[in-house]
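> Residue-level listing of the chains:
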Amino acid sequence: MSGAIRYFDNNATTRVAPEVLEAMLPFLQDQYGNASSMYRFAGRSQSALSKAREQVAALLGTSPEEIIFTSCGTESDSTAIYSALNARPEKKHFITTRVEHPAVLAIGQHLEKQGYAVSYLSVDGKGRVSLDEFAKLLNKETALVSMMFANNETGNIFPVAEAGALCRERGVPFHVDAVQAVGKIPIDLSMLPIDYLAVSGHKLHAPKGVGALYVRRGAPFRPFLRGGHQERGRRAGTEAVPNIVALGTACELAGRHIQEENTRVRALRDSLQSGLMASIADAVINGDQNNRLPNTVNISFKYVEGEAILLMLDQFGICASSGSACTSGSLEPSHVLRAMGVPFTYAHGSLRFSLSRYNTQEEVDFVVEHLPEIISRLREISPYCGFSDDAGESDVCPVSR
Amino acid sequence: MWEYTDAVRDHFLNPRNVGVLKDANAVGEVGSLACGDALKLYLKIENSRIVDASFQTFGCASAIASSSVLTDMVKGMSVEDALAVSNKDIAKALGGLPKEKMHCSVMGQEALEAAIRSWRGEPPVPHAHEGRLVCKCFGVTEEQIVKVIQENALVSVEEITNFTKAGGGCGECLEDMGEILKNVLAGGVSGKSAVGAKPVLIPDLRKSKTEAAPALSNVQRMQRVMRVLDEIIRPRLQQDGGDIELVDIDGKEVSVALRGMCTSCPSSRLTIEGFVQQTLRDQVEQDLAVREVSQ
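These protein sequence lines map, in sequence, to chains D and H. Numbers 1 to 401, taken from the numbering used here, label the letters of the first sequence in order. Numbers 1001 to 1295, taken from the numbering used here, label the letters of the second sequence in order.
Rather than coming from a laboratory, the hints here were simulated on the basis of the structure. Backbone N, C-alpha and C fix where the C-beta goes; we use that ideal spot for every residue, glycine too. Just to be clear, a hint being listed does not mean it is correct.
As the list claims (entries may be wrong) - Interface residues of chain D toward chain H, partial, derived using beta-carbon atoms under 10 Å: (1) Ser36; (2) Tyr39; (3) Glu112; (4) Ala117; (5) Leu310; (6) Glu332; (7) Pro333; (8) Gly341; (9) His348; (10) Tyr384.
What the hints assert, rightly or not - Derived list of chain H stretches under chain D, where covered just means 3 residues or more per stretch with a C-beta under 8 Å from a C-beta of chain D: (11) 1012-1026; (12) 1034-1041.
Using the sequences provided together with the hints, build the complete structure.
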């Protein structure tokens, strides 16, 4: 395989920013003190935690006391959801969407087994939720609503401000999984009716193994991990100082680059999208082009299968991802594309490119140069290509879930 | 990231025998766009020998590689030898497949069988309608499940999913698959002959298991055995090109002789014990014994 990596999978994970690595390194080397200890040596760890907390709070437009450090986005989601539910155990209705990340969706499925009524808000063909439908789902029994800020596969941005307002009117706590949104679009929690919000470090150029949870002051909270006074008793366990410092630095950098994300990175994404759409027939964009993250494009190519495309892209050092069944180890295509009603003819051949500020126009051009050839090679092998447009279209697997 | 062998990568990146074979006289098609993979296999058969082969595949790398290696394998083979190619042979030719991808090799085997059936003028899928549909998501029948369990010595439901996709959708049939697996492992279901292994019960012959069955007279027993043979067992065996003949009934011992395809079937013992005897026990008397006699 040729050496250079063209990385277009930033919704999966990101490279650690050099500034982030530099900031965290001392805490992996000489500054190893436990932030809870009494001597001055440990005090440096303590003040590093405080600084990181301020950096995260600044990016989100909130106060440091409302930030809890966790090990990852999934932990943040679980902590928030079980926290809210356990605070009001008599209420047995949970609302989320059909297109959530498994970190939330799997909790919904688990809650169903625990006797909860769980409502999954549906999406339209472009992956959008309906606020009218949402308002109808809210009722007196609703214990919590969990909605993602932005979807990892399509990049769609959800109406969390409006949904949060509806929740607040009815006194229902509102959790937002913002793992894909933080650092890509401006988020100001001082203006948003959100009670809990989950952040993941490695999606914004911090390393894996660190996350944060925003808990609005006054929102009900029950610790997920017990056994220590860390994070003011809200999350026990010795603080991962290097990772937390990294997350803080990454948040500060993200704030500085958020304009670039929405101008230069957006332009690169648009250039990639138009370049591919212009040179490949039978391709469609999945998601809402008018309201999505600036770094994400999800395209389906008819008659070919995603894993095969990815492996051919890999020959060129191009990293992307697919919603095809074969890439996930599951046997069905992405639950997000299925919820949107994307036909199987397209769902199996979906590709997601997610960019970051480290991508360049040269890399985009490289993809636009090579992908059309890959698609046409695979279409030559495919038995469906060249058939009438609706070949196989009626042949729908009766998978409904 | 799947762990693919060099052979899989090679056959995927440089697939052999791609495209429509213009003078093909045998075509087998399995899978669908909806299910995520599909294979159309073209064979040219002369004097019962495969002289050329090609394919078109929609699917992942291992589906393309399985198709490619299959076309290489069968070229030059007699039809009879080609029918003996199993999914394991295909996987082996690729140096192995990730377990989650074994269904790609099964697809190759099924397409090969379908192509040869089309050449013989038989319907493409044997027993498509008779086999009880177990997995509705991926259209997998009990027969297909029994077959992969036996041919690949599978011991878990997860493995069955890896080989057939059954249970990989909504998951509603997982329990059913567990029952089938249990039956096969217990030797209660014979492979080929036990199409849709649960026999259609003739209502007036059925004996409730809880109710003590009244003792049958010799004449009653003989009548019932003959009726079950004619109405349930023989039609099933005939679907596979086999047949059965009643030779004698001596007390509770029923002697039969297998005919047609059954005589050369390597699993004839399973057919006798697992299907014929079990069906007679279910339908007539629990303590009947079936003996095969060569005649």
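> Look at each hint and say if it fits the structure.
Hint check results:
no. : hint      : in the structure
1   : Ser36     : 40 Å, violated
2   : Tyr39     : 46 Å, violated
3   : Glu112    : 14 Å, violated
4   : Ala117    : 20 Å, violated
5   : Leu310    : 9 Å, holds
6   : Glu332    : 6 Å, holds
7   : Pro333    : 7 Å, holds
8   : Gly341    : 13 Å, violated
9   : His348    : 5 Å, holds
10  : Tyr384    : 6 Å, holds
11  : 1012-1026 : holds (count 5)
12  : 1034-1041 : holds (count 7)
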